[in-house]
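Chemist: Each chain, written out:
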Amino acid sequence: MATGSSAAASQLEALTARWVRGAQVVDLRDVSWIDPLHLVAVAALAHACQRADVEFRLLGPSGPQASYAARMRLGVIIDKFGGSHDLPTARERDRHESLLEITELTSRADADRMAALVHDRVYPLDPRAAAALHNGLAEIGANVCDHAESTGFMAAQAIGRLDQLRFAVADRGVGLLSTLAGRGAHDDRSAVDLAISGESRLKDEDATRGSGLPNTIEQVAALGGAVFIASGAATVQLGATDVWRCTAEPAWEGTLLEGRLPAPRHALQRLSWNED
Amino acid sequence: MTRTLILPRLVAGRDFADDMADKLGSVEGDTVLVDGSGLLTGTGSFAAQLVSRLLGGGAAQLVVSDAPDQFADYLRNAAEALGAAERLTLQRRASVVTA
Numbered sequence: 001m002a003t004g005s006s007a008a009a010s011q012l013e014a015l016t017a018r019w020v021r022g023a024q025v026v027d028l029r030d031v032s033w034i035d036p037l038h039l040v041a042v043a044a045l046a047h048a049c050q051r052a053d054v055e056f057r058l059l060g061p062s063g064p065q066a067s068y069a070a071r072m073r074l075g076v077i078i079d080k081f082g083g084s085h086d087l088p089t090a091r092e093r094d095r096h097e098s099l100l101e102i103t104e105l106t107s108r109a110d111a112d113r114m115a116a117l118v119h120d121r122v123y124p125l126d127p128r129a130a131a132a133l134h135n136g137l138a139e140i141g142a143n144v145c146d147h148a149e150s151t152g153f154m155a156a157q158a159i160g161r162l163d164q165l166r167f168a169v170a171d172r173g174v175g176l177l178s179t180l181a182g183r184g185a186h187d188d189r190s191a192v193d194l195a196i197s198g199e200s201r202l203k204d205e206d207a208t209r210g211s212g213l214p215n216t217i218e219q220v221a222a223l224g225g226a227v228f229i230a231s232g233a234a235t236v237q238l239g240a241t242d243v244w245r246c247t248a249e250p251a252w253e254g255t256l257l258e259g260r261l262p263a264p265r266h267a268l269q270r271l272s273w274n275e276d
Numbered sequence: 277m278t279r280t281l282i283l284p285r286l287v288a289g290r291d292f293a294d295d296m297a298d299k300l301g302s303v304e305g306d307t308v309l310v311d312g313s314g315l316l317t318g319t320g321s322f323a324a325q326l327v328s329r330l331l332g333g334g335a336a337q338l339v340v341s342d343a344p345d346q347f348a349d350y351l352r353n354a355a356e357a358l359g360a361a362e363r364l365t366l367q368r369r370a371s372v373v374t375a
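Residue numbers (the working numbering), protein chains in the order written: chain A, 1 to 276; chain B, 277 to 375.
Everything labelled a hint here was simulated from the structure, so no lab data went into it.
Hints are supplied without guarantee of correctness; some may be wrong.
What the hints assert, rightly or not - Far from chain B by the CB rule (all over 10 Å, computed), these chain A residues:
hint: 1; residue: Glu13
hint: 2; residue: Asp53
hint: 3; residue: Glu55
hint: 4; residue: Gly63
hint: 5; residue: Ala109
hint: 6; residue: Asp126
hint: 7; residue: Ala181
Unchecked claim - A few chain A residues facing chain B, derived, Cβ under 7 Å:
hint: 8; residue: Ala116
hint: 9; residue: Ala131
hint: 10; residue: Pro250
What you are looking at is a predicted structure, and each value in this text was computed from that prediction instead of being measured.
Positions of the beta carbon are idealized from the N, C-alpha and C atoms, including for glycine.
Make the full structure from the sequences, and use the hints.
Modeler: The following block contains the structure:
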């Protein structure tokens with residue numbers, strides 16, 4: 001197993017919230033590419049600030065990335081939670097047509113619905129990727145609803161220039177250690193490792209439990225993709241053959257997951273939500 | 277008694293599995309036939325909960341026909357975890373495979 005950094009782990013650094021005159025500020029002005037991971041993380045931060053009665057402010061991104069973030073409803077989400085931002089006002093797409101904007105998860109039904117919509121969008125172009133997206137979003141979304149003790153957020157995106165589909169789910173809840181402490185986890189690293197192995201003592205209560213995340217990883221990896229997870233001070237990136245572990249700096253309070261799937265460019269070009 | 281469930285094109289979540297199992301009521305001693313021919317994909321959690329409710333609920337046999345391979349694997353794994361693999365049969369159109 002290799003240790004080191006990953007692109008997704010470095011993205012966490014851009015999501016560092018700093019205290020500026022009594023507000024939590026996230027500065028994405030220097031971020032040249034906005035991922036679903038950025039979107040859901042910022043949404044989760046804005047929500048957490050509202051819960052804590054703390055002002056939240058987003059600076060940037062700029063240019064086409066700002067327009068993209070606005071179209072993905074990031075500005076609307078921040079507004080909803082009482083934060084401030086400098087994103088442009090975007091004409092929202094009809095949700096029936098574009099189903100990958102940031103979605104708030106308040107119930108398992110939300111996760112299942114989003115998963116089904118994404119599946120139906122992708123299935124005509126790549127059935128295997130559609131299945132992986134469906135199952136990943138549904139499983140991880142359900143985990144958030146069951147364990148996070150906080151509202152989660154999900155988003156998905158096609159990236160034509162990289163021939164990839166990406167999805168992300170984030171919350172600022174209790175994190176994997178809180179869920180798995182007393183079930184075999186003693187720190188963030190062991191909690192993440194337990195979660196991805198599916199061998200937590202949740203199985204002592206129900207032998208069929210604990211497989212949602214491992215199944216997601218397996219399905220994504222089988223397609224040549226990778227999954228990145230951050231919870232507390234621990235991150236891990238898993239591909240078909242490689243595992244990267246490193247320490248999250250700063251630590252992510254809660255849980256953050258991004259999946260990346262290869263997809264043929266000719267298929268992505270047929271998706272109107274391809275942001276290239 | 278033989279009971280029948282037809283899976284829709286997408287299935288996810290333990291709640292949905294519970295809803296489907298609830299429609300059958302008690303399956304104690306019954307053979308449950310699950311038609312997976314219309315299923316495109318389903319999550320492992322749904323499969324696990326369905327197995328838990330049906331085989332864990334005392335069904336004598338759970339016969340699942342024409343489910344996608346990945347979903348069939350999830351069912352098989354769940355049945356094995358429950359120690360009930362011998363009561364699960366996975367059918368394909370041209371063959372019968374006992375889990």
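Chemist: Hint by hint, say whether it matches the structure.
Modeler: These are the hints, each one checked on the structure:
no. : hint   : verdict
1   : Glu13  : holds (33 Å)
2   : Asp53  : holds (33 Å)
3   : Glu55  : holds (36 Å)
4   : Gly63  : holds (37 Å)
5   : Ala109 : violated (8 Å)
6   : Asp126 : holds (12 Å)
7   : Ala181 : holds (22 Å)
8   : Ala116 : holds (5 Å)
9   : Ala131 : holds (4 Å)
10  : Pro250 : violated (31 Å)
The structure shown violates the earlier hints numbered 5, 10.
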